[in-house]
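Between the sequences and the hints, there should be enough to build the whole structure, so can you do that?
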Amino acid sequence: MRFMVIVKANKDSEAGLMPSTELLTAMGKFNEELVNAGMMEAGEGLHPSSKGARVKYAGGQGSATRGPFPLTDDLVAGFWLIKANSLDEAIDWMKRAPFDGGAQIEIRQVFSAEDFGEALTPELREQEARLRAQAKK
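Just so you know, we're using my numbering here: the sequence shown kicks off at 1 and counts up by one.
If you are wondering where the hints come from, they were derived from the structure by calculation, not from laboratory data. C-beta: ideal position from N, C-alpha, C; glycine also. Some hints could be false.
What the hints assert, rightly or not - The calculated lysine-lysine pairs, modelled on BS3-like cross-linking and capped at a C-alpha distance of 27 Å, are:
1. Lys-137 to Lys-83
2. Lys-136 to Lys-83
3. Lys-11 to Lys-29
4. Lys-8 to Lys-29
5. Lys-95 to Lys-83
6. Lys-95 to Lys-11
7. Lys-56 to Lys-95
8. Lys-56 to Lys-137
9. Lys-29 to Lys-56
10. Lys-95 to Lys-29
11. Lys-11 to Lys-51
12. Lys-95 to Lys-136
13. Lys-11 to Lys-56
14. Lys-95 to Lys-8
As the list claims (entries may be wrong) - Distance ranges between label pairs, derived from CB positions:
15. Gln-61 to Pro-122: 26 to 36 Å
16. Gln-104 to Pro-68: 15 to 25 Å
17. Ala-26 to Lys-137: 28 to 38 Å
18. Gly-60 to Glu-32: 42 to 52 Å
19. Ala-26 to Thr-121: 41 to 51 Å
Written as structure tokens, this is what we have:
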């Protein structure tokens, strides 16, 4: 199973404050443990919402709003994409992440092709496989 681990934004991340050398070192060690365990597929920090945008869709049209956005629980400061055998395993690993000071993460399972059942036709499965292969190049 694959899981997206969403690191929630806080006032420091939204202010563009960079992590300390100590936190970067601890995070590097934690990421290395994830990689060595064969779990980590990706992981990145994100710039504050002031450097981003949201696109909202209505009537088949998209309209963009540039940040910054109010600090709420829906703002994201970073993410990991990991592989784990279960949600419990993902939770156990992420409890070890070197955060403090009220940091919060959210862990969500990523859909797999099997989750879509018959709606994902053989043609759509082939297209998905082809696009994933192209994206890796």
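These are the hints, each one checked on the structure:
About 21 Å separates the Cα atoms of Lys-137 and Lys-83, which keeps this hinted pair within 27 Å; it holds. Of the supplied pair hints, the one linking Lys-136 and Lys-83 holds, its CA atoms being roughly 18 Å apart against a limit of 27 Å. The suggested pairing of Lys-11 with Lys-29 holds, with an alpha-carbon distance near 25 Å, which does not exceed 27 Å. Between Lys-8 and Lys-29, the direct Cα distance comes to roughly 21 Å. Compliance with the 27 Å bound is thereby established for this hinted pair.
Of the pairs offered as hints, the one joining Lys-95 and Lys-83 holds, with about 15 Å between alpha carbons and a cut-off of 27 Å not exceeded. Note on Lys-95 and Lys-11: the hinted pairing holds, with a Cα-Cα distance of about 22 Å set against a maximum of 27 Å. At most 27 Å may separate the alpha-carbon atoms for a hinted pair to count; Lys-56 and Lys-95 exceed this at roughly 34 Å. Note on Lys-56 and Lys-137: the hinted pairing is violated, with a Cα-Cα distance of about 31 Å set against a maximum of 27 Å.
With a C-alpha separation of about 38 Å, the suggested pair Lys-29 and Lys-56 falls outside the 27 Å cut-off, and the hint is violated. The suggested pairing of Lys-95 with Lys-29 holds, with an alpha-carbon distance near 14 Å, which does not exceed 27 Å. In summary, the hint linking Lys-11 to Lys-51 is supported, as the alpha carbons are separated by about 15 Å, within the 27 Å threshold. Between Lys-95 and Lys-136 the CA atoms are separated by roughly 30 Å; this puts the pair beyond 27 Å, and the hint is violated.
Taken as a hint, the Lys-11 and Lys-56 pair is honoured in the structure, with Cα atoms around 25 Å apart against an allowance of 27 Å. Simply put, Lys-95 and Lys-8 have alpha-carbon atoms about 15 Å apart, close enough for the 27 Å limit, and the pair holds. Restraint check, Gln-61 to Pro-122: a C-beta distance of roughly 33 Å satisfies the suggested window 26 to 36 Å. A hinted range of 15 to 25 Å for the beta carbons of Gln-104 and Pro-68 is consistent with their spacing of about 19 Å.
Taking 28 to 38 Å as the suggested C-beta distance range, the pair Ala-26 and Lys-137 conforms, at roughly 34 Å. Remark: the range hint 42 to 52 Å for Gly-60 to Glu-32 is upheld by a beta-carbon distance near 46 Å. In this structure the hint that Ala-26 and Thr-121 lie 41 to 51 Å apart at CB holds, the actual value being about 46 Å.
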